[in-house]
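Peer 1: Sequence:
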Amino acid sequence: SGSTDYTVNTLAAADEGVILTDTVPITFLGYGSGDTITLDGTDDLTVNGTEADDASTVIAATGGTDRGNVTIAGRATIDPKNLTDLTLGGFAGDDTFSIAAGHAFTTIALQGGSPDASDVAVLTGAGTAVSVTLADPSVTPVAPSTVVGGGLGTVSLSGIEDVDLNALGGDVSVNGTAADDDLAYQP
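Numbering (this note's numbering), first residue to last: 1 to 187.
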């Protein structure tokens with residue numbers, strides 16, 4: 001068994017990073033695209049991107065051991081054994097987060113960074129009902145927008161300016177705010 005929680009911080013080079021465990025930090029060098037780092041824990045995984053444009057992906061239930069793997073393009077894949085909740089931090093840059101139904105996480109928190117109006121979440125459901133609740137900026141503190149169901153678990157969206165949700169034919173309900181919300185529907 002390993003640590004309860006892990007935080008993976010990327011470094012400047014694509015094959016470098018630091019893994020924070022419950023007890024000691026672990027620096028890795030020479031683990032880049034095509035390599036896999038397995039982390040065995042029981043609770044939370046946080047994977048932080050860079051200050052540049054990042055494309056983060058949570059792999060769907062494609063079978064075998066790939067279920068729930070997390071990748072930032074050009075970097076090592078993180079294989080989270082037994083970890084239940086995921087936070088993806090985007091930091092600066094125009095970041096894209098791609099999440100498909102069937103991953104192994106109960107909750108996923110997407111945290112976009114600066115600049116505003118440039119981070120995108122691409123969510124693909126499983127053909128079952130999805131409920132979207134938009135963040136209400138008039139409430140303090142502002143809770144993140146959420147997407148629940150559709151095989152996605154609960155996905156919270158902080159600092160994400162655009163969401164592309166494909167429910168694969170599942171019903172979608174949207175709970176808007178008292179403000180002017182900008183929604184687009186395409187069957």
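Treat the hints as calculated values from the structure; they're not laboratory data. Heads up, a few of these hints could be off.
Taking CB as the label site, the calculated pair distances span [claimed, not checked]: (1) Val24 to Val148: 34 to 42 Å; (2) Asp15 to Tyr185: 39 to 47 Å; (3) Leu20 to Thr107: 34 to 42 Å; (4) Ser33 to Ser173: 36 to 44 Å; (5) Gly34 to Ser138: 41 to 49 Å.
Yeah, the Cβ is synthetic: ideal placement off N, Cα and C, and Gly gets one too.
Peer 1: Determine whether the Cβ-Cβ distance between Ser33 and Ser173 falls within the hinted range of 36 to 44 Å.
Peer 2: holds (39 Å)
Peer 1: Starting from the hint 34 to 42 Å, judge whether the C-beta atoms of Leu20 and Thr107 obey it.
Peer 2: The hinted range 34 to 42 Å is violated for Leu20 and Thr107, with Cβ atoms some 20 Å apart.
Peer 1: For the pair Gly34 and Ser138, does the Cβ-Cβ distance stay inside 41 to 49 Å?
Peer 2: Given range 41 to 49 Å: holds, Cβ gap about 47 Å.
Peer 1: Does the beta carbon distance between Val24 and Val148 stay inside 34 to 42 Å, or does it fall outside?
Peer 2: holds (36 Å)
Peer 1: Looking only at beta-carbon atoms, does the pair Asp15, Tyr185 fall within the given range of 39 to 47 Å?
Peer 2: holds (42 Å)
The earlier numbered hint that this structure contradicts is number 3, and it is the only one.
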